[in-house]
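Trainee: For reference, the chains in residue letters:
Number of protein chains: 2
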Amino acid sequence: MTQLKESVSCPMGTLLNVLGGTWTFYILWILRNNGPTRFSALKRQIEGISSKVLTEKLRMLEEAEIIYRTYEPTIPPQVTYGLTEKSQDLIVVLDQLAQIAHKWYAKTD
Amino acid sequence: MTQLKESVSCPMGTLLNVLGGTWTFYILWILRNNGPTRFSALKRQIEGISSKVLTEKLRMLEEAEIIYRTYEPTIPPQVTYGLTEKSQDLIVVLDQLAQIAHKWYAKTD
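Taken in order, these protein sequences are the chains called A and B. Under the UniProt record's numbering, think of the first position of the first sequence as 1, with each following residue one higher. Under the UniProt record's numbering, think of the first position of the second sequence as 1, with each following residue one higher.
The hints are simulated quantities; they were obtained by calculation from the structure and are not laboratory data. Do not rely on the hints blindly, as some may be mistaken.
Because identical chains cannot be distinguished in the list, a pair is counted as satisfied if it fits within a single copy or across any two copies.
To be verified - Heads up, simulated DMTMM-like pairs for lysine to aspartate or glutamate below, C-alpha to C-alpha not over 25 Å straight-line: (1) K52 / D95; (2) K103 / E72; (3) K103 / E62; (4) K43 / E62; (5) K86 / E56; (6) K107 / E62; (7) K107 / E72; (8) K103 / D89; (9) K52 / E72; (10) K43 / E72; (11) K103 / E65; (12) K103 / E63.
Okay, chain A solo, but in the shape it has when bound (with noise of 0.2 Å):
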């Protein structure tokens, strides 16, 4: 993924860098309202996505804080991915997003 050079000048650069791509915010819009959730899981909500994105995706938002990762250690082993605390400030982005997205594009029959 083509990463915006992190400008030492620009907080809102290196956010972007970090939610910016094509299913970060889904994945968000998902975590948020089913709260933890598991990896096969998430992956069957979000067509088209491919494992492999997916990890690196998750990774990459584990890696900023956004979101925790647990692992158990069952067999076979299950891994379940939930919002940190940190990220509780994206929720209220992620609500009025739904509402534009319901207000531009839900189906008015």
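Given the coordinates of chain A, assemble chain B onto it according to the supplied hints.
Mentor: Chain B in isolation, oriented as in the chain A frame:
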């Protein structure tokens, strides 16, 4: 750019299809701050973006009626981009993202 498949049941997927992608929010953020802006000025302000990618992004945003484009037949011709009435809905999201960016990434020397 990989496209989320438009899912009829999911306006958010449709919206994020338009707004997702590395540069999109950043372009909107510059137009939100600067008002109508020339292509060349936009390019200068987005480190790392190529003219080809910027042109594609602007065309996609114009088709989605999120930005408008004015063409003045001066010599050389001048093309200006700005936020449409519809995209005023996004300003609150952009401002919220800027607050979060400041909170998370602003240098506090």
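Trainee: If you test the structure against every hint from before, which numbers come out violated?
Mentor: 1, 2 and 7
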